[in-house]
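**Student:** Please arrange chain B on chain A, whose structure you already have, making use of the hints.
Chains as they are written, first to last, in the numbering used here: chain A, 2 to 459; chain B, 2 to 459.
Since the hints were derived computationally from the structure, they do not count as laboratory data. Fair warning: there could be bad hints in the mix.
It does not matter which identical chain is meant; a pair holds if it fits inside one copy or across any two.
[Claimed, not checked] Calculated pairs, EDC-like style, for lysine to aspartate or glutamate (alpha carbon to alpha carbon, straight line, at most 16 Å): (1) 187 x 384; (2) 314 x 202; (3) 187 x 423; (4) 314 x 360; (5) 314 x 154; (6) 166 x 284; (7) 70 x 291; (8) 187 x 211; (9) 239 x 174; (10) 187 x 249.
Predicted, not measured: the structure shown is a model, and the values here were computed from it.
Protein chains: 2
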Amino acid sequence: MTPLDYLDKHQQRFIDDLCTYVRFPSVSAQPQHSPDVRACADWVALRCRQIGLETTLHQTSGNPLVVAKTPKHDPRKPTFLVYGHYDVQPPEPFDLWKSAPFEPRVEGRNLYGRGASDNKGQHLAHLNAVEAFLATGTELPVNVTFLIEGEEEVGCGGLYGFLPKNKELLACDAVVISDNGIPSLKHPTLTYALRGIVALEIRLEGPSRDLHSGLFGGTVENPAMALCQLLGKMRDRKGRVTIPGFYDDVQKLSRYERQQLAKLPHSDTSYRRLVGVPQLFGEVGFTVEEQRTCRPTFEINGLTSGYQGEGSKTIIPCWASAKLTIRLVPDQKPARIVAAVRKYLKSLCPPTVRLKISDGHGGEPYLCSPTSPLAQAALKALEAGYGYPGALAREGGSIPIVNRFRSELGADTLLLGMALPDDNAHSPNEKFNLDSFESGMRMAAHLWPLLAQAHAAD
Amino acid sequence: MTPLDYLDKHQQRFIDDLCTYVRFPSVSAQPQHSPDVRACADWVALRCRQIGLETTLHQTSGNPLVVAKTPKHDPRKPTFLVYGHYDVQPPEPFDLWKSAPFEPRVEGRNLYGRGASDNKGQHLAHLNAVEAFLATGTELPVNVTFLIEGEEEVGCGGLYGFLPKNKELLACDAVVISDNGIPSLKHPTLTYALRGIVALEIRLEGPSRDLHSGLFGGTVENPAMALCQLLGKMRDRKGRVTIPGFYDDVQKLSRYERQQLAKLPHSDTSYRRLVGVPQLFGEVGFTVEEQRTCRPTFEINGLTSGYQGEGSKTIIPCWASAKLTIRLVPDQKPARIVAAVRKYLKSLCPPTVRLKISDGHGGEPYLCSPTSPLAQAALKALEAGYGYPGALAREGGSIPIVNRFRSELGADTLLLGMALPDDNAHSPNEKFNLDSFESGMRMAAHLWPLLAQAHAAD
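The shape of chain A in the complex, shown without the other chains (with noise of 0.2 Å):
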């Protein structure tokens, strides 16, 4: 019997073991939910060891994690770490869940449930592959270790500190996640970068005392109004950040770039929808999948400034302060990113107020090529299981632990979402679709043939 065989064979089982593992309510958010999570890191190693990995439950500064390996490392193949987590998000708020959340239900070719789609099923779905080839007895061309920690909802702290201490336990050559999502089930899609990100808070003080507008008002900058007046010269009307050298080190996207990404599907109609805007506004000269994935932005995501009750008061608020996130694209460096934004903020800010900058996280951008051996393998897998070609993606939002993995191993990431659009991860019916399910096991079983093929031809 062959892996494919063996994956159809055991469907139903695989759906039976998903539902057992989504009942583990492992919400690593919640202190009472604590016993759970063991529990689960529990199940995982026991699922690891009957498949017939080498499976070692790891103590963390926070939750275990579990670390698999196929049988006998063979030094001459090529290894592949796969990473998830068990953990999942909190379920709250309950009433808007149609079934209960860690009671998982079948309707059609969905599997309702917290963790379903993030990231249990997903992960699930690498383990039933290898148990497939493992099961049937056909060689592996590959040595993979999985990797399934317990925080990454929730900052991946235990993980960030096993990782630097066991780098030799997970070394490998390639990562692979599959945590992350796909147009449809017809555009299977290998992400291949991510945007960075840094946070800053800044704040404008101005009197040393809320003053009464009507006695002191014309006589002192506001800082409410100069927060604004200097926010406001951060982005143009084309959508385009002003800051000097902001753009300076953003890698000019290919031709091949371009053209892989226009064919996402995508309409602008349904984007606006989805998003509720009356009208999309974004940096001239980019499409929407461009602009939300390949573009740097500077986003307001908070502002806090005076009186902000029931009607009004009528004072010259002391401080006004504003919370900043910037996405970064390849090649753009954080640090040197807070220094520009830090320097053009100084040298705009008026001397009626005392600005003040606090720098919080940061992240780099990730960028992996989309045309190398291991990527254009990964497209084929993809195409293998889903039916359809394999579509090129970046995503906009971050993943930190591919940076951690790069930096730690010095290994690169493929990622090789399973969900859909309507997965509703972190949020209330979460569901991970059977079919999506399917497809993702068939992926996974045509992926390591592939990738070994490809690291011999590198």
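**Tutor:** Just chain B, lined up with the frame of chain A:
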């Protein structure tokens, strides 16, 4: 005995009376003080009757008010209405008071207690001056009507209902109000103009919900950025409001007014320290005193958008709002200014967000001639009372009742405040300076003959 001798002789009793008056916790904003408010009104009525005034306690839609007239109004004499209020601001926060707010304490030449200067002490000075005439059998050359209300600190609701129904009862040639301040005991001041106000709230709405700034950033307008860009255009770096037509109705300051205003004590350095800003900022071409009182302003009183908690949240907020107040000067009209602001905001707002504007309260600016015979007589009374030449000032704030007296009674108001800048009105440790109390009584005693003369000559 002359009225002035009488005032001298009874100083200690007047101080004791003010202490009695301050002991009433007549806090109109706090329902638990409702009995105290009524007891205080009764005391005012009793005090007026004791002096010999024809006194009525009137129920209103809110707290009672007292109308007390000098006996047998003579239709051949001019009539003046003295307005004051017996209600006080809440005393909180208690822990900042050096002594209990409703247990008056005399220290040196200051009497500490909530309401001491705002407004109990100030209208009591007028009552005492009239008492001096009546008790010494000195003929008052004018009719005086006292109107002491109990809701000034909560918007004068009761009085606003009472006024139109009692125009005859309150008919007068002019109103006298001592409920504001003077720069120092050496600068007794007639305030002849007040700024008006209009309040607005604007809200920009973008996406139908907060969007993930990674997944969507770059494709939709950020409402917080749009708000900053919109508001930032409302005022230039020379301190000028940029709304078309904004200054059309602003009355030019006469040379006489500018000369008079320049006589008021002022130091940019100490003013800057008072407000605590790194550098003053105001409309180019005007002094600080002129900016503060004679020029219209556009102020942001509050900004609200997106995430305001600790740390960062990577969202594009779905809306952003601002509370705005515009201070008006003669002859700007609230309705016309609101229309101009609405029109300008609409013309600048990009089509990528939805603009919502709600109007709040409005009040006309106030101006009475500083060169009229009555105003000049008031200046003489100030000099006679305080021993220093009377100064002319405008005020930057609004006193809405002044416009009501003009519209309902057809009477201008002479604003003859007695409070000093450090009297802490509305703040902990409110006090009244007893030198100003004494000088104020003398001013009030001089006022009636001087106003009578001026009225006859007019």
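**Student:** Run every hint past the structure and note whether it holds.
**Tutor:** Right, here's what the structure says about each hint:
Only within a single protomer do residue 187 and residue 384 lie at most 16 Å apart by alpha-carbon distance; the minimum there is 9 Å, versus 91 Å between protomers. When the C-alpha separation of residue 314 and residue 202 is checked against a cutoff of 16 Å, the pair qualifies only between copies, where the shortest distance is 11 Å, while the shortest distance within a copy is 25 Å. Taking CA atoms no more than 16 Å apart as the test, residue 187 paired with residue 423 passes inside one copy only; the shortest distance there is 14 Å, against 75 Å between copies. For the identical chains of this complex, residue 314 and residue 360 are inter-copy neighbours only, at 14 Å across copies versus 32 Å inside a copy, given an alpha-carbon limit of 16 Å.
When the C-alpha separation of residue 314 and residue 154 is checked against a cutoff of 16 Å, the pair qualifies only between copies, where the shortest distance is 14 Å, while the shortest distance within a copy is 40 Å. Taking the shortest alpha-carbon separations for residue 166 and residue 284, neither the intra-copy value of 43 Å nor the inter-copy value of 63 Å comes in at or below 16 Å. In the homo-oligomer, the alpha carbons of residue 70 and residue 291 never lie at most 16 Å apart, since the shortest distance is 38 Å inside one protomer and 79 Å across protomers. With identical chains, the CA atoms of residue 187 and residue 211 are never at most 16 Å apart, being 58 Å at best within one copy and 29 Å at best between copies.
Proximity of residue 239 to residue 174 under the C-alpha cut-off of 16 Å is found in neither arrangement, the shortest distances being 42 Å within a copy and 62 Å between copies. For the identical chains of this complex, residue 187 and residue 249 are neighbours neither inside a copy (37 Å) nor across copies (63 Å), given an alpha-carbon limit of 16 Å.
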